[in-house]
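2 protein chains.
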Amino acid sequence: MRRYALSLLALACTLASSGQTRTLSGFSEAAARTQFALEEKFDSYLKASNVDHHIKEMSARPHHVGSPGGQAVADYILNQFKSWGYQVEMETFYVLFPTPKERLLEMSGAATYKALLKEPALKEDATSGQFSEQLPTYNCWSADGDVTASLVYVNYGLPEDYDMLDRMGIDVKGKIVIAKYGRSWRGIKPKVAQEHGALGCIIYSDPMDDGYFQGDVYPKGAFKNEYGVQRGSVMDMPIYPGDPLTPGTGATKEAVRLDRKDATNLLHIPVLPISYHDAEPLLRALEGPVAPDGWRGALPFTYHVGPGKAQVHLKLSFNWDMKPLHDIIARMPGSELPDEWIIRGNHHDAWVNGAGDPISGQAAMLEEARAFSELARTGWKPKRTLIYCAWDGEEPGLMGSTEWAETHEAELQQKAVAYINSDGNGRGFLGAEGSHALEPFINEVARDVIDPETGISVLNRRLAVDLVNGKNKKELLAKKTLSIGALGSGSDFSPFIQHIGIPSFNLGYGGEDPGGEYHSIYDSYDDYRRFKDPSFIYGVTLAQTAGRTAMRLADAELLPFDFTSLSRTISGYATELMAFTDQLRDVTALENQVIREKYYALAGDPTVRLLAPPARQEVPYLNFSDLQNTLLSLQQSAARLSAALAKPGLAAGRQLQVNQALYRAEQQLLTRQGLLRRGWYRHSIYAPGFYTGYGVKTLPGIREAIEQRNWKEAQEQIEVAAGVIRQFAAYLDSVTQLVP
Amino acid sequence: MRRYALSLLALACTLASSGQTRTLSGFSEAAARTQFALEEKFDSYLKASNVDHHIKEMSARPHHVGSPGGQAVADYILNQFKSWGYQVEMETFYVLFPTPKERLLEMSGAATYKALLKEPALKEDATSGQFSEQLPTYNCWSADGDVTASLVYVNYGLPEDYDMLDRMGIDVKGKIVIAKYGRSWRGIKPKVAQEHGALGCIIYSDPMDDGYFQGDVYPKGAFKNEYGVQRGSVMDMPIYPGDPLTPGTGATKEAVRLDRKDATNLLHIPVLPISYHDAEPLLRALEGPVAPDGWRGALPFTYHVGPGKAQVHLKLSFNWDMKPLHDIIARMPGSELPDEWIIRGNHHDAWVNGAGDPISGQAAMLEEARAFSELARTGWKPKRTLIYCAWDGEEPGLMGSTEWAETHEAELQQKAVAYINSDGNGRGFLGAEGSHALEPFINEVARDVIDPETGISVLNRRLAVDLVNGKNKKELLAKKTLSIGALGSGSDFSPFIQHIGIPSFNLGYGGEDPGGEYHSIYDSYDDYRRFKDPSFIYGVTLAQTAGRTAMRLADAELLPFDFTSLSRTISGYATELMAFTDQLRDVTALENQVIREKYYALAGDPTVRLLAPPARQEVPYLNFSDLQNTLLSLQQSAARLSAALAKPGLAAGRQLQVNQALYRAEQQLLTRQGLLRRGWYRHSIYAPGFYTGYGVKTLPGIREAIEQRNWKEAQEQIEVAAGVIRQFAAYLDSVTQLVP
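So the protein sequences, as listed, match chains A and B.
Here the first sequence is numbered in this note's numbering, starting from 73 and rising by one per residue.
Here the second sequence is numbered in this note's numbering, starting from 73 and rising by one per residue.
Possibly wrong hints are sitting among the right ones.
Since the list gives no way to pick one copy over another, a pair counts as held whenever it fits inside one copy or between any two copies.
Below, a list of computed lysine-lysine pairs in the DSBU-like style, where the Cα atoms sit at most 35 Å apart [as the list claims (entries may be wrong)]: (1) K546 x K670; (2) K128 x K195; (3) K292 x K387; (4) K292 x K186; (5) K113 x K670; (6) K173 x K128; (7) K453 x K128; (8) K546 x K784; (9) K119 x K670; (10) K113 x K551; (11) K190 x K292.
Hints were generated in silico from the structure; no laboratory data involved.
Whole structure, please, built from the sequences with the hints as guidance.
The structure is reproduced here in structure tokens:
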């Protein structure tokens, strides 16, 4: 690794904000000094070689849910925690987990092909040949099915792609669709295909997005080779995650279970992921119109939309077995406040060997936990209880975390101060999403962790990257703090934040570790040490980051929640939504005029079938005033609370009460009934998008109603959100009352 | 072809502006009625079958400069004009025209390959096998050369691509470069390569821009197959076009000629165009960094920048022969004003068979000329002289038109009212660029020609397409007139407008005729009738458009020049330049700050070599006031002239004087000394870009100085332009004085 010259390090110092008198929210000056010293000690225990060792050990065999390898990894983690003196238990749930029984994809007619559906072993990758233990390439939660039909190429398989198909006069009803991976969470593609009447769905990795177009392919480089396949869940997680048979309840042995046919987050059509090697003959055989601009990939022929003369036969069946989930829960009890919990989690199950996803994050978490045990040996104890969770069953649908959170919901809502998640980790820049009341807090953490490549803080490195890649350089040059993203879905934070209202973070490093190994047999130790974090140093950086986050929350005198930050963020979302509605109104009116005056027909090539888009209902003016007024109150309430908390000296009794009130505040943003049509999601500010999956929708009730052009619902949801925020402001006022 | 239902035709009527009382600038109401009747008659003579016949005949054999086929096409055209009663002559010039003697491209070392450099015959294309008469694939005006070196991929080979190479630490000095066709005129690529010290330049057609990524390839579809090669000139036409040995003078037999080594528009390095079949092994053998985003094409591997271990050997030699150019000049003398000329032109030489380029335009022009001869038989005569020109030698460098214009410069500046150019033509939308004093006039023409596919005017169809494809729909919905483009280079209008100041147009149809046949052996009759204009009806539409343009200018009582339109346009260019300078200032200042504060280094991946861009000189404030004040005067002068001309009844004697003054006005925009470093270009408002080639630069002296960040020159050029415009305004005032 190239080392930076002194000039850069000097610069780094000028960049670091307020280097001399670093403050720490929630700590007195004296306590902060103690804390900084502890953190230095903590850092000194962290070893990249341990991260390396953990990754090698835990990725040595395939270890998906219910596998011998999975049991071995769970045992490994349990034993590690045990050896470090944690109170550790294995908590087991019983969940549905389908694995492939039969997989067949073949094409007949004008052209014939039988798909390989197989990733070959590579001599450069030591674990790639463990065929007997590997899960075959498949999408978990595909339906059983045996369908034969012609094929239609649907680009990324998103709603707007079907709008374009409509314009081209192509109907997927009764057909099989083939969609590219990308632009949405994979589960959206078969869901939308099913909504449009498709009989089956094939998802492939196009080399433009995930293959040779991006860079040299594995094993020469890191990118997806022609045989690589992305496995993955296609559960309709935007409805609910976790075991499909126990929505809202822990999947304990004795839990009452749904009949599988009644699970509303399962598909009815078969879905199969394939490589671009297998996709090529299928796509080549398509006829019909040339794929529009933006639909074309990097395979060496002209992409057509289809259908063609060939018939595609897709036959899939699965073992719909119940499997045990092994969550490892390790505790280091708090010395003063054992009933206030700082929860730290990372899953341990993988689709195959999973050196990157999730083991790199799991390894960093173990090293972090070990360092705390070392610190504990020197006499330190966390004031609050630290709980380390190694989740099983994240890959099929956040099952280990969801079932645990559902099982312990009541206790968690009493005791959990925050949940800190990580997942795969690699070389690069800090990624941080989370609860915005903790945004100033996480900025302090990022200020105090040093990027191993440049010697500046990970905060400043992230700001530098945003600046260099960003468009609005003027604004970005002035920006000194990191605006953290909102949490969508895609990892284990989801049940904590969105279902039970625990303040949450998702932390990780990446951006200098691109590749195509994701959910393939090539996500291996050999791949990781070449392309992801060769010196394993970003494992240490993650341990420093999440460790500081956990320790500061565990030891803070006053929990560092800042609701003015949350208030500002929500107001920003509301402003965005108002601007979006105004823009949608203008665009719709103009577009309707263009359609009404038949310009599409006049401009169109009469030899090409491309209908005008349908006119849309004009966008009414929505009444946002209730939301706006409420946000003004929230701003005032948050400011009053901040002012009250800024006064030094909170009486000990009151401190306990105030801290509890602070960390439970996030729960006030939940509604009892949850979001419409998907009541498992109860947070009013953050939710995964119904049609994006991982991608977050902020103020989701309002936003998705507007996006779906349901104006009545949008207006109702404005009132619902205003109600929640009004109640939240009142809650903050009640906390302010607690402060003497 | 699909026919539109009545509703569209009804709509068309509502769209046609002022359908009932159509006015015609320069004609009294009575004269306009006569003119419309004549135009209807003229239209009735035009036959698509004749266009078809001409295209088939003239594209039957390869007919490049100096070939037997070229002589045959010239004779064909001459005989057609003769048979229609035109006064026709063949005017011959003698020019340098290099053709290949030896072409070799091979790769040795780690990988070996010998390039085919050959387009195969196809059974679906009857003329593709005429090998003995075809020019091989080459770039005309490449230097002789025999070079062996490693290869570097330079994207499109533009100055900004070399900036990126600098950032990657890659120097092309002493190497051979390979560039993609596209984004600039081809001649720019070897010129910039030579400026950077490259020994040779290979240009290839990437399938992403020109091949299977765009659509099905020939002969299945219209797009470039793997063997197709784009021939073409790499003369440095932004210096001067025409015979390189006779800049500024006609290349008559007795003309004094430069020594070839003294021609400033010829390259010193060898250049060769190749197919993507031939490019693939060369590109595959490259090593070094992965090509940046936006550099990658659609060949099925990872693009690297190079160099690699392989050596490339490029050996080219040429026959540097003198060849005769046969321009056909056909006249229909004016009945009242024989010394006022309306000149209409289209070239006849092709790189190979050239059914599309240029024969489709030539065929339409012939049919237009025939229709006038039919009209003449009914007793009509044009008031002014119509001159039809079929140019030779356009492909190597606008030679036939340039030598003719240079030879007859003085007479043309006296007599030429306007030059109307066309070139290849196809199915689609009107394209019109030209002198902005004639913008309102050409709008009237476009208003009165009906699009054969939709039944609305070609004006409204063009506006509809601009609207549907445009971003600013609000503005475009309100737009009722066509803003014509400015003339850059790339066809025979260039000497007329830019060298001798004759008001000019370039007219043609296209946009529904994409394909990859350009300058290949597949630009054939078989290709044309399948993919370009299958019913040949747009040949008729072009004849209607250019024919009306010519006839109205020939018969107008008052020539329809509108200098308020020109004044508005130039003011628009000035506003653009001021905004551009301001924006450049902001961007430069910000970018310099980002560089100065070392953000590139902080954000960069230390394992990837990518230097920060160099800081640039800050952009000073330029004094545009002289130009702004002058433009204000021009606006007033133009308005006064328009008002004077709007008064009815110009005495006959004065009318002659006024009309002459009007059509000679454009010459007042020339400067004696021409543009800096390329004095052949004398127009102050329009020039081809020094680094874009075909692409126009408006107010070129100022604009290119700003783009090159030469602030001193920019300020001087503002004064130069202001001086020209001041003089032009005074000229308009003098014309106003002529009006009684």
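Hint check results:
1. For the identical chains of this complex, K546 and K670 are inter-copy neighbours only, at 16 Å across copies versus 42 Å inside a copy, given an alpha-carbon limit of 35 Å.
2. Taking the shortest alpha-carbon separations for K128 and K195, only the intra-copy value of 17 Å comes in at or below 35 Å, while the best inter-copy value is 61 Å.
3. Taking the shortest alpha-carbon separations for K292 and K387, both the intra-copy value of 34 Å and the inter-copy value of 34 Å come in at or below 35 Å.
4. Taking CA atoms no more than 35 Å apart as the test, K292 paired with K186 passes in both settings, with 27 Å inside one copy and 26 Å between copies.
5. In the homo-oligomer, the alpha carbons of K113 and K670 lie at most 35 Å apart only across protomers (32 Å), although the nearest pairing inside one protomer, at 72 Å, exceeds that limit.
6. For the identical chains of this complex, K173 and K128 are intra-copy neighbours only, at 30 Å inside a copy versus 63 Å across copies, given an alpha-carbon limit of 35 Å.
7. For the homomeric pair K453 and K128, the shortest alpha-carbon distance inside one copy (31 Å) is at most 35 Å, but the shortest distance between copies (93 Å) is not.
8. Within a single copy, K546 and K784 get their C-alpha atoms only as close as 40 Å, which misses the 35 Å cut-off; across copies the closest is 28 Å, which meets it.
9. When the C-alpha separation of K119 and K670 is checked against a cutoff of 35 Å, the pair qualifies only between copies, where the shortest distance is 30 Å, while the shortest distance within a copy is 68 Å.
10. Proximity of K113 to K551 under the C-alpha cut-off of 35 Å is restricted to the intra-copy arrangement: shortest distance 31 Å within a copy versus 70 Å between copies.
11. Proximity of K190 and K292 under a CA criterion of 35 Å is satisfied in both settings, with 20 Å inside one chain copy and 34 Å between copies.
Comparing the model with each earlier hint shows no violations; every hint is respected.
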